[in-house]
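**Q** Here the protein sequences line up with chains A and B, keeping their order. Quick note: to get our numbering, add 250 to the position in the first sequence (first position is 1). Quick note: to get our numbering, add 6 to the position in the second sequence (first position is 1).
Don't take each hint at face value.
As the list claims (entries may be wrong) - Straight-line Cα separation of at most 27 Å, BS3-like style, residue types lysine-lysine; simulated pairs: (1) A:LYS534 to B:LYS225; (2) A:LYS578 to A:LYS485; (3) A:LYS514 to A:LYS291; (4) B:LYS228 to A:LYS534; (5) A:LYS291 to B:LYS225.
Stated by the list, open to error - Between beta-carbon pairs, the in silico distance windows are: (6) A:GLU322 to B:ALA150: 30 to 38 Å; (7) B:ARG227 to A:GLY593: 50 to 58 Å; (8) B:SER291 to A:PRO395: 44 to 52 Å.
Hints were generated in silico from the structure; no laboratory data involved. All C-beta atoms in this analysis are idealised placements derived from N, C-alpha and C, irrespective of residue type, glycine included.
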Amino acid sequence: MFAFLKPYRQFLTKNERNKVYLRKNTTADRMVADSKYRTKKILAKANIGVPLLIKRFKTIEELDNFRWEDLEGNFVIKPESGYGGEGIIIIRRRAKWAGEWQKMNGQIITTQDIKLHCQDVLAGRYSMHGASDPVLVEERIRIHPMFLAITKVGTPDIRVIVYNKVPVMAMFRIPTEKSGGKANLQQGAVGLGIDLASGITTFGIEGKGEPIRRIYDYGKKKMRKVNGIKIPFWKEILETAVNCQKAIPGLGFLGVDVVLDKEKGPMVLEVNARPGLSIQICNKAGLKARMDKLEEIEVRSTEHAITLAKYLFGESFSDKVEEKEKVKLVGPLENIKIKTGKGKKNFKEVTAKIDTGAYRSSIDRVLAQELGLLDENKILYYRHYKSALGKNNDRPVVGLTFWLNGRKIVTAVNVADRHKLRTKFLLGRKDLGGFLISAKS
Amino acid sequence: MRKITPIFLISVLILLSLFCGSQILAVTGKTSVTPTVTSVSPTIVPTVVAEVSANITEPEIKQVRYDVGKWNGFNTIRILIKWAMTRGVATNTIVLLLMLPLIATLVSVLHYIFGLTGYGTFMPTMIAITFLATGIFGGLLLFAMILIVSLLSNLILRRLRIHFWPARSINLLFISLGTFGLMLITSFFKLVDLSQISIFPILFMVLLAEEFVRTQLVKSRKEARSLTVGTLILAIFGSITMNFNWIQNIILYNPELMVLMVLIINLVVGNYTGIRLAEFNRFKSAIRDSNKKK
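Just chain A, with the same shape it has in the complex:
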């Protein structure tokens, strides 16, 4: 009767986020996340890239005494606890006349206007409850050129949701004219889902849920597909996100907003202790299902966290296949090429047995040892398995990349004792999506 509910089980709903997952965030650290200044201090201490602070005003006097003419341009004014990118002014350079500045869109703004804006912030115009809010003046981030092709307004960023020290989902947020230059989906920005394994975009939405298939490319001056955009510095971005959670351990479930600077690489603008749920729509994947996989896994290092993300949450090939594409045929026994190093030439060819009775694929312990997969860094986690004979044992699960019939498959396989068996590799149905199995070899 409730079968229609089944596909919805994977999603993290608002009720569950608020009641279960936000409880994992301590009040003290939530307050850190709410203050951009405190976040910046803590992250800088942990050697995470943050935009440089030029000045912080707490009172009108401090504001009056500040010598704006000493600045060369390239600065940003923002309220310390502003929400959704409101109240931010970005100054590109000095304008022609003294006391005038040029904003990113070429508009001129006077020092007087800037001061008035700062006074508004101090009076609490941009804080949620009208309380007084300090003003931050910080260095402007020079956006990575790759991003410039995609938007003309505002700063695009990458939101990574981190749970239990592992990145679980990511999206590329692109401000639009409609969103007023804000990279916030609530305000109508565009969000593109990102494959955690490769850093390549997958699906897109506009606002809080309108699916889109194409976006405008300002470089080529035409529409382009939302999928297939490669995010540069992908590994570094994920590392930064994981390190943020390590620096603020009281936030067990958080969203990290990373911007790419042309020279300095990933920089964290802010962390969010109440990340939105629309990220699930542009990834077409559920946060709940992903986070469930991480329960009880002990993360050993940043490296380990990223390996986990790659092999557990990476897009499987079958989902990337367009419906028009022909389904490939496999026999009961197939030769697969297991990746052993960088590049396409480093691989080992192994005969694999197709077994749709098994969910996950498994690899022989000796073979895994040979390939160096049992390295402490490569083991994702240990899981309790019940074999067909009813024997219980703890098997390590390792991340593995292999090619089957020319298709690259990135997956997690378990290590089993198959030394008495003819085939050292068993292909489970999890990795057989998009293939058709023929009983004839």
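Mind docking chain B on chain A? Use the hints.
**A** Only chain B this time, still in chain A's reference frame:
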């Protein structure tokens, strides 16, 4: 500065014309409409309630028998109500007061299970009471007026570039004048008459309009619109519920049942971590085709 002056002048002119206009009306009406003026002033003092649930909670209900029997633990609240009534507490105030948690419960059920969102539970409850006083149509009219005045004055005030709080004060000035005008105008119509409402519904509506303007500033217009419309919808549900005779009767004659209902419903809803009805629609496009076929 040169850009500012004409707008400033215009706003001053609007202000003056509004002010003078209302003064003239007040002066001309002074001799003829005195009785209405005197009848308005007392309604400011008592609560909204007096004319609200006139249907059951008019003073005559006091003469209606209110049997409670002997105290047996389960009728404590009824005994207290009877006592309060003999001490001269208005019945309608008691009913309305005890109805507040019920309306808040309705609002939270609609929020957590159906996915209707407004400004918390208190704001919709307050607006629901406002609707009781003004009627749903009258309340919406009042709110629309306040919102339009608020938005227009913001448009002007943004150009003036003055401090935030003085800007809010001037905004309130426009709202007061506008509400006054609306009361005056509607007093000529039979269909919606807002001339007799007390200050509280107006204040609540101003509060909601302020919240709208604020959300629009801090978050986005879309968010502000959806939250405000949500609040109004929740309030309409609430005020319809409050208007039901049988619900008023439950509260007056079985207040203990109401307490039990509120506790049970809220404990159940408070532990609900499942999907909200509105989320089915939201996540529909996030289900991959391969999963749909299953």
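**Q** Now tell me if each hint is right for this structure.
**A** Taking the hints in turn, this is what the structure says about them:
1. For the hint linking LYS534 (chain A) to LYS225 (chain B), the alpha-carbon distance of about 26 Å falls within 27 Å, and the restraint holds.
2. Proximity of LYS578 (chain A) to LYS485 (chain A) is assessed by CA-CA distance (about 32 Å); at most 27 Å being required, the pair is judged violated.
3. Restraint check: the Cα-Cα separation between LYS514 (chain A) and LYS291 (chain A) comes to about 18 Å, which is no more than 27 Å; the hinted pair holds.
4. Among the hinted pairs, LYS228 (chain B) with LYS534 (chain A) is consistent with the structure: their alpha-carbon atoms are about 24 Å apart, no more than 27 Å.
5. Of the supplied pair hints, the one linking LYS291 (chain A) and LYS225 (chain B) holds, its CA atoms being roughly 26 Å apart against a limit of 27 Å.
6. A C-beta distance of roughly 50 Å is found between GLU322 (chain A) and ALA150 (chain B), which places it outside the suggested range of 30 to 38 Å.
7. ARG227 (chain B) and GLY593 (chain A) have their C-beta atoms about 52 Å apart, which keeps the hinted 50 to 58 Å range intact.
8. A hinted range of 44 to 52 Å for the beta carbons of SER291 (chain B) and PRO395 (chain A) is inconsistent with their spacing of about 32 Å.
Consistency with the previously given hints fails for numbers 2, 6 and 8, ordered from lowest to highest.
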